[in-house]
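**Student:** For chain B, the structure is supplied; the task is to place chain R on it using the hints.
Spelled out, the chains give:
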Amino acid sequence: DIQLTQSPSFLSASVGDRVIITCRASQDISSYSAWYQQKPGEAPKLLIYSASTLQSGVPSRFSGSGSGTEFTLTISSLQPEDFATYYCRQRKSYPITFGQGTRLEIK
Amino acid sequence: EVQLVESGGGLVQPGGSLRLSCAASGFSFSDHYMDWVRQAPGKGLEWVGRIRKKSNSYTTEYAASVKGRFTISRDDSKNSLYLQMNSLKTEDTAVYFCSRVSSDYDNDYWGQGTLVTVSS
Chain B
1 DIQLTQSPSF LSASVGDRVI ITCRASQDIS SYSAWYQQKP GEAPKLLIYS
51 ASTLQSGVPS RFSGSGSGTE FTLTISSLQP EDFATYYCRQ RKSYPITFGQ
101 GTRLEIK
Chain R
1 EVQLVESGGG LVQPGGSLRL SCAASGFSFS DHYMDWVRQA PGKGLEWVGR
51 IRKKSNSYTT EYAASVKGRF TISRDDSKNS LYLQMNSLKT EDTAVYFCSR
101 VSSDYDNDYW GQGTLVTVSS
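Taken in order, these protein sequences are the chains called B and R. Using the working numbering, you'd call the opening residue of the first sequence number 1 and step up by one each time. Using the working numbering, you'd call the opening residue of the second sequence number 1 and step up by one each time.
Okay, chain R solo, but in the shape it has when bound:
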């Protein structure tokens, strides 16, 4: 069974940093691109970014709203995905989901999300 479990969310002050983790199991993690998607309270879904697999040199893509502040990385030996968030803003407050990218490049499995609150 595919499982994705996010952790690391919490309360952080504006300008601060936080690192989210996503533990994957039940599939060959190294064979898949992975995404982060977020959802502000009461709002819709916003794609944050993507990391490709080793054969694609672990290259990344980001939404303009987070580019230069957020960094996606992965450790295939630990079946883990990460989101390093720096220079956090109040508008980054959201539930952050990690999601597996299928062979058709759609998000076929999602974690339950972890809440990040940016507030003073």
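Only chain B is shown next, with the shape it has when bound in the complex:
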């Protein structure tokens, strides 16, 4: 199975900050990565797919990059509604796997 390791697991930041979350894969997954946002009590929401494509309706302050084994999610200027948990996910091979999550909290 492909393991995904996110860093950091916990992040404290302020409104307006630029935030970068990293996801490392245990083997080459090409560009078959995605990023999801989840708020407490809610379903996950797709933000980025195919490593860098912004899902329709997602604000442009979110961006994704990377290929192979290293991927990043960048939030250019944190807004109050961005405080949530973020997950990367790979679909290169079965079983589909998620990272352990990065919890983003208000400083």
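Please keep in mind that the hints were generated in silico from the structure rather than gathered at the bench. A few of these clues could be false.
Heads up, simulated DSBU-like pairs for lysine-lysine below, C-alpha to C-alpha not over 35 Å straight-line [said to hold, decoys possible]: (1) Lys92/B / Lys39/B; (2) Lys67/R / Lys39/B; (3) Lys92/B / Lys43/R; (4) Lys78/R / Lys45/B; (5) Lys78/R / Lys43/R; (6) Lys53/R / Lys45/B; (7) Lys54/R / Lys89/R; (8) Lys39/B / Lys54/R; (9) Lys45/B / Lys92/B; (10) Lys45/B / Lys67/R; (11) Lys54/R / Lys92/B; (12) Lys45/B / Lys54/R; (13) Lys43/R / Lys54/R; (14) Lys78/R / Lys89/R; (15) Lys53/R / Lys67/R; (16) Lys43/R / Lys45/B; (17) Lys43/R / Lys39/B; (18) Lys92/B / Lys53/R; (19) Lys43/R / Lys107/B; (20) Lys53/R / Lys78/R; (21) Lys67/R / Lys54/R; (22) Lys89/R / Lys67/R; (23) Lys43/R / Lys67/R; (24) Lys53/R / Lys43/R; (25) Lys45/B / Lys89/R; (26) Lys43/R / Lys89/R; (27) Lys39/B / Lys107/B; (28) Lys39/B / Lys53/R; (29) Lys67/R / Lys92/B; (30) Lys89/R / Lys39/B; (31) Lys39/B / Lys78/R; (32) Lys107/B / Lys45/B; (33) Lys92/B / Lys89/R; (34) Lys78/R / Lys92/B.
**Tutor:** Okay, now just chain R, sitting in the frame of chain B:
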């Protein structure tokens, strides 16, 4: 508007069975693969399995943790997805989400989830 509504969750004893349903609306259900994803209390997301569409012979994939115990099926005439869970274990306790698979093979829409609790 795409909507996915799960139902069928509840309390079940270890070793028991439960069948979850997911009612889909607002899109052409038969044209999409569908996934089940679960989340144990306070934990991360775990992919459970996938069912492909008719043109792919409704084939399925499963996580190792559920293979042989869980079965995913669908009824395109009812726009419904199912998860039959047998031989349930305490570690199967989780919120179960159904999710639509997009043309890019990512999960673009999710239901709100249904809670399954396996406990004696």
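**Student:** With reference to the structure, classify each hint as holding or not holding.
**Tutor:** Verification of the hints:
| no. | hint | result |
| --- | --- | --- |
| 1 | Lys92/B / Lys39/B | holds, 26 Å |
| 2 | Lys67/R / Lys39/B | holds, 29 Å |
| 3 | Lys92/B / Lys43/R | holds, 23 Å |
| 4 | Lys78/R / Lys45/B | holds, 26 Å |
| 5 | Lys78/R / Lys43/R | holds, 32 Å |
| 6 | Lys53/R / Lys45/B | holds, 23 Å |
| 7 | Lys54/R / Lys89/R | holds, 31 Å |
| 8 | Lys39/B / Lys54/R | holds, 34 Å |
| 9 | Lys45/B / Lys92/B | holds, 20 Å |
| 10 | Lys45/B / Lys67/R | holds, 26 Å |
| 11 | Lys54/R / Lys92/B | holds, 22 Å |
| 12 | Lys45/B / Lys54/R | holds, 27 Å |
| 13 | Lys43/R / Lys54/R | holds, 34 Å |
| 14 | Lys78/R / Lys89/R | holds, 30 Å |
| 15 | Lys53/R / Lys67/R | holds, 20 Å |
| 16 | Lys43/R / Lys45/B | holds, 17 Å |
| 17 | Lys43/R / Lys39/B | holds, 13 Å |
| 18 | Lys92/B / Lys53/R | holds, 19 Å |
| 19 | Lys43/R / Lys107/B | holds, 23 Å |
| 20 | Lys53/R / Lys78/R | holds, 14 Å |
| 21 | Lys67/R / Lys54/R | holds, 21 Å |
| 22 | Lys89/R / Lys67/R | holds, 13 Å |
| 23 | Lys43/R / Lys67/R | holds, 21 Å |
| 24 | Lys53/R / Lys43/R | holds, 30 Å |
| 25 | Lys45/B / Lys89/R | holds, 28 Å |
| 26 | Lys43/R / Lys89/R | holds, 17 Å |
| 27 | Lys39/B / Lys107/B | holds, 17 Å |
| 28 | Lys39/B / Lys53/R | holds, 30 Å |
| 29 | Lys67/R / Lys92/B | holds, 20 Å |
| 30 | Lys89/R / Lys39/B | holds, 27 Å |
| 31 | Lys39/B / Lys78/R | holds, 31 Å |
| 32 | Lys107/B / Lys45/B | holds, 23 Å |
| 33 | Lys92/B / Lys89/R | holds, 29 Å |
| 34 | Lys78/R / Lys92/B | holds, 31 Å |
In this structure, none of the earlier numbered hints is contradicted; all agree with it.
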